[in-house]
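Asker: Spelled out from the first residue to the last, the chains are:
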Amino acid sequence: MLSNIGEILVFLILASSFLIIYNAYIDIKIRNQVVKRMIYNLSLFQITFTILCFFTLIIGFVNSDFSLINVYENSHTTKPLFYKIAGTWGNHEGSLLLWINILVLFSFLFLVFNFKHNKKFRLYTLIIQNILIIGFIIFLLLNSNPFSLIYPVPFEGLGLNPILQDPALAIHPPLLYIGFVGCSIYFSAAMASMLSEYKGKEFALSIKSWVQISWCFQTLGITVGSIWAYYELGWGGFWFWDPVENASLLPWFAITALMHSVMVLEKRNSLYAWVIILCLLTFILSVTGTFLVRSGILNSVHTFASDPSRGIYILLFLGLMIFTSLIIFFKKYKKESYNFNLKTRETFILVNNWFMAFFLVTVLVGILYPIFLDVVADIKISVGPPFYNIVIIPLIVPFLFLMTVGPQFKWINSQKVKFYQTLFFFFGAVIINLFIYYFFGSYSILTNLIFIVAIFLILQCFLDAKQSMYKKKIFEYPRIISHFGFGLLILCIGINHQYSLEEDFNLQVGESKKINNYEIYFKNIKIEQNKNYQSVIGNFKLTDLKKNLIQYLNPEIRVYSDPETLTYEAAIKSKITSDFYLTMSNVSRSEYYNIKFQNKPFMIWIWISAFIIALGGFVQLMLKKNEN
Amino acid sequence: MLTNKVKNRILFLTLIFILSSAIIFFIIKSLNQNILYFSTPTNIKQKEDIIIGKSMRVGGMVKKNSIIIDEKNIQFIVTDFKNEILISYSGTVPNLFAEGKGVVAEGKLNDKFFFIADRILAKHDEKYMPPEIKKIMENNAK
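Line by line, the protein sequences give chains A and B. Sequential numbering from 1 applies to the first sequence in my numbering. Sequential numbering from 1 applies to the second sequence in my numbering.
Because the hints were derived from the structure by calculation, they are not lab data.
In silico DSS-like cross-links for lysine-lysine, where the CA-CA straight-line distance does not exceed 30 Å: (1) B/Lys7 x A/Lys343; (2) A/Lys546 x B/Lys72; (3) A/Lys380 x B/Lys45; (4) A/Lys514 x B/Lys108; (5) A/Lys267 x B/Lys5; (6) A/Lys513 x B/Lys72; (7) A/Lys380 x B/Lys112; (8) B/Lys101 x A/Lys380.
To spell it out: a stretch of chain A is covered by chain B in this simulated footprint if at least three of its residues, at any positions, have a beta carbon under 8 Å from a beta carbon of chain B; those stretches are: (9) 357 to 370; (10) 374 to 382; (11) 386 to 392; (12) 564 to 578; (13) 592 to 599.
Just so you know, even glycine gets a beta-carbon here, dropped at the ideal spot from N, CA and C.
Throw the hints in and build the complete structure from the sequences for me.
Answerer: Right, dumping it as structure tokens:
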């Protein structure tokens with residue numbers, strides 16, 4: 001029943017896509033500035049069908065309708081309601097439906113909200129976006145249909161991977177999808193801009209908000225994923241330079257570069273071709289990431305039961321996208337003249353773009369090189385954190401420095417340079433760095449250089465905030481907030497990296513262990529029965545010998561029944577200044593428990609600063625709304 | 001003769017070319033220093049030129065009844081059904097680490113028969129087997 005409804009709805013979306021393309025194509029030829037009512041209506045129908053379709057699948061999950069293979073494979077009657085719903089996008093088929101939802105949603109919103117812009121441009125955008133929608137719907141129907149039936153109907157489902165049963169992971173996919181799939185709209189807009197010759201400032205204004213929206217959500221999505229990895233995977237880090245994490249960084253670098261260059265296009269009417277390239281690149285990288293992750297080339301929790309035909313389809317689609325966009329780009333490319341003055345804001349934005357391009361290339365090489373070597377020479381290698389640390393981290397220093405200095409310059413031409421003030425702040429940063437060194441008592445040259453530039457950036461942001469408040473320059477706020485967040489992020493990562501305490505050891509119940517000025521006493525274990533899992537809870541007493549502070553940490557080992565899996569839940573005590581992190585594991589019911597104990601300074605601030613970065617983008621969107 | 005404009009352009013292009021090749025050279029160089037090669041116990045035994053003390057990955061199956069745990073370390077034997085290697089590790093193991101299951105250890109060789117791991121990888125899914133190990137098992141089963 002649900003299967004039929006769902007499939008009918010999918011076909012209705014497909015049909016409305018074709019109708020939209022047809023009508024838009026006819027409407028382009030009519031020389032007026034009003035888009036036909038019909039196209040709005042069709043778009044409205046399309047978005048309604050899509051949302052209904054998604055709800056149909058959610059209902060299937062909530063009611064545990066095991067006649068759908070997708071529900072049978074990824075759900076279970078004993079699962080809490082929240083995770084039944086989250087299970088909808090916790091698998092390949094469902095997440096593809098979510099993907100289509102966002103494509104359609106953005107297509108609709110772009111049509112409705114950009115009413116001020118050129119008609120031809122809007123219609124071309126709509127056509128290209130709908131071609132993308134059709135492509136993904138065909139993919140959905142051909143080999144990832146979430147509404148496929150199973151017969152005979154099973155009584156019980158196989159259950160959702162317990163490691164995914166977590167609130168952070170329930171919201172991680174939707175956030176990331178809005179971020180990554182949201183890029184599709186300015187992919188379409190860039191193509192439309194080339195086709196309809198709608199260029200320059202106007203084009204920049206039409207895509208600016210959409211770039212910001214997807215940038216904010218990408219930032220949030222990546223952060224939430226990182227938080228999840230921190231407390232669920234039990235390594236106690238927040239970024240592992242795992243290929244899958246890196247795949248999510250690629251579009252982020254491109255989009256960050258884009259967000260900055262769009263301003264140059266808006267203010268100076270320059271860099272048009274570069275903005276177009278970035279628009280195309282962002283979505284292409286998003287799809288590439290999806291391809292790498294879904295095809296099973298990179299293994300991770302995102303690889304739902306992998307199936308080579310899926311990879312081939314996405315690869316074909318990707319190839320087609322790159323090919324068409326390149327052809328259109330070279331056909332329509334016209335030479336521009338740049339006359340940038342060296343000491344201007346646009347030059348620094350260009351420098352930012354170079355850095356982003358460098359980071360992007362580095363990470364891309366890191367991801368692709370092992371795959372390449374495996375295919376060509378059958379040598380298996382992996383590229384780990386040392387590579388990224390060596391290539392990327394030293395460059396953070398000049399990057400942050402330029403990030404501080406750059407915004408001090410004005411557009412077009414700025415003669416006055418506040419040299420002494422900047423120098424003053426720089427020395428301020430050096431002095432604060434000395435305090436950090438004094439307080440923690442150890443240093444490394446690179447980390448402390450990073451501290452200095454990060455503090456430099458933060459100080460400058462404070463001054464900028466004060467000045468823009470004084471001069472009532474509201475439009476500077478978002479930049480200041482995001483840059484401040486970034487400075488804080490780098491500073492906290494630096495401190496966290498430099499001054500973490502980590503110790504691995506094995507303990508039996510009743511034993512204790514001393515590490516620096518902490519004593520850990522393994523008091524007892526207790527077994528608890530929960531709805532869909534059984535848990536072994538360890539009770540650890542942590543004494544801070546210096547401050548005579550006693551805390552209790554309770555890591556868990558959870559045994560899930562459907563599917564039968566073990567997970568280790570870390571015990572985390574977060575404080576403003578540092579996190580205590582303790583995980584325990586047990587191999588083959590031995591008397592000894594393996595313990596990992598960590599003390600991570602300023603951990604919580606890493607998340608806070610990542611949220612501040614995203615907040616900057618949201619503030620910008622709000623300001624823009626008020627302007628209108 | 002070349003005009004000034006053309007000269008400038010040539011200079012600019014050469015500069016960009018040199019800069020980008022320097023960057024790519026830099027990336028590739030640090031890449032080569034920092035990649036982790038994946039080996040099997042058989043590989044380690046056969047290879048003459050294996051570098052002791054360099055970070056690498058070793059994969060195979062955890063041999064049955066080979067796990068020994070004391071207060072400091074976990075020791076176990078990894079086998080590819082032809083050769084074996086002893087691995088020592090301290091810390092928490094991933095939840096899918098068990099006897100008779102596939103495992104990948106990251107760390108350094110102490111000598112050809114003893115490997116000190118600083119990370120154990122086993123993935124998040126009970127159906128999952130690292131592709132490298134799957135291939136070894138298929139090859140050795142023949």
